[in-house]
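*Asks:* Spelled out, the chains give:
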Amino acid sequence: MNKEEIIEALKTIIEPYSEEVTALAHIDENTDFINDLKINSANLVDIVLDVEEKFNIEIDNDSMAKMLTVKATVEIIAQKLEAHAGQ
Amino acid sequence: MLGNDIVDLNLAKIQSNWRRKNYLDKIFTAEEQLLITSAKAPDEMVWLLWSMKESAYKIHNRKTGIRNFAPKSLSCTIHANTYGVVSIHNCQYFTQSNVQSAFIHTIAAPFYDKLEEIKFDIYALPDHPVDYKSTQPGCVSHHGQYLALVY
Chain A
1 MNKEEIIEAL KTIIEPYSEE VTALAHIDEN TDFINDLKIN SANLVDIVLD VEEKFNIEID
61 NDSMAKMLTV KATVEIIAQK LEAHAGQ
Chain B
88 MLGNDIVDLN LAKIQSNWRR KNYLDKIFTA EEQLLITSAK APDEMVWLLW SMKESAYKIH
148 NRKTGIRNFA PKSLSCTIHA NTYGVVSIHN CQYFTQSNVQ SAFIHTIAAP FYDKLEEIKF
208 DIYALPDHPV DYKSTQPGCV SHHGQYLALV Y
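So the sequence lines, in the order shown, correspond to chains A and B. Heads up, the first sequence is in my numbering, so the first residue is 1 and it goes up one at a time. Heads up, the second sequence is in my numbering, so the first residue is 88 and it goes up one at a time.
Treat the hints with caution; some may be incorrect.
Said to hold, decoys possible - Computed, partial: chain B to chain A, Cβ under 8 Å:
1) R107
2) Y110
3) K113
4) I114
5) T116
6) N155
7) F156
8) A157
9) K159
10) T164
None of these hints come from the bench; they were simulated from the model. Just so you know, these numbers come straight off a predicted model, no measurement behind them. Every residue gets a Cβ at the ideal spot worked out from N, C-alpha and C, and that includes glycine.
Just chain A, with the same shape it has in the complex (with noise of 0.2 Å):
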């Protein structure tokens, strides 16, 4: 998967937990969850939950940690795929 493909994937994960029409429309690397997606922080927990469902991988405590924006979420999706893939 590449980069354009994960944050697709993740669009689709992030969409019901925001109703901010005109971010979610212009999501890309720099969107922050919080500050643009007005997303709930006990939400946040199911972004994380979500993404663990869809693409298989375990997220670590220190991983979630960064998760306040697309950048961050994307590159340690990236991250886990790949060490994944290295097993």
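Given the coordinates of chain A, work out where chain B should sit on it, guided by the hints.
*Replies:* Okay, now just chain B, sitting in the frame of chain A:
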């Protein structure tokens, strides 16, 4: 520095399914999970602990300049009369919570004695003051129906 966090319990009910597999384990320590599973009102306990963590994080974040999402690193203990302590690394924050049927509101301070001095206002829709920022609140929390300000 002050912290505060309000949870609209009616919104939380529809917005978050904390019974989802692995949900609690991502947020709560083993001790906190035990408090939840043994509570008479587990929903209330989930959001009480959550508002304690959030209110303490709001101080810790400004104090350290570190922005992250690490709710499990904030560890809560609850004392009598919904007073509480939230610990993270070598910092401690003191909290007091107000548990109502429609919302849970927690105030947080870096010193226990400070809690007594905190003044707060809670507004329900549609009565949110438009110009609340001009009153220079020490911390703002907004969820669902509610706006909570501390001074």
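*Asks:* If a hint holds in the structure, say so; if it does not, say that too.
*Replies:* Do the hints match the structure? See the list:
Interface restraint check for R107 of chain B: the shortest CB-CB distance to chain A comes to about 7 Å, inside 8 Å, so the restraint holds. Proximity of Y110 of chain B to chain A holds as hinted, the smallest CB-CB distance being about 6 Å (cut-off 8 Å). At its closest, the beta carbon of K113 of chain B sits 5 Å from a beta carbon of chain A; the interface hint therefore holds under the 8 Å criterion. For the restraint placing I114 of chain B at the interface with chain A, the shortest Cβ-Cβ distance is roughly 6 Å, inside the 8 Å limit, so the hint holds.
With its C-beta approaching chain A no nearer than about 11 Å, T116 of chain B sits outside the 8 Å limit, and its interface hint is violated. The beta carbon of N155 of chain B is positioned within 8 Å of a beta carbon in chain A (closest approach about 4 Å), and the interface hint is therefore held. Using the Cβ-Cβ criterion of 8 Å, the hint placing F156 of chain B at the interface with chain A is satisfied: the shortest such distance is roughly 6 Å. Look at A157 of chain B: its Cβ gets to within about 4 Å of chain A, closer than 8 Å, so that hint holds up.
Taking 8 Å as the C-beta contact cut-off toward chain A, the hint placing K159 of chain B at the interface holds, the least distance being around 6 Å. With a least beta-carbon distance of about 20 Å to chain A, the hint placing T164 of chain B at the interface is violated under the 8 Å criterion.
In the structure shown, a violation is registered for the earlier hints numbered 5, 10, in ascending order.
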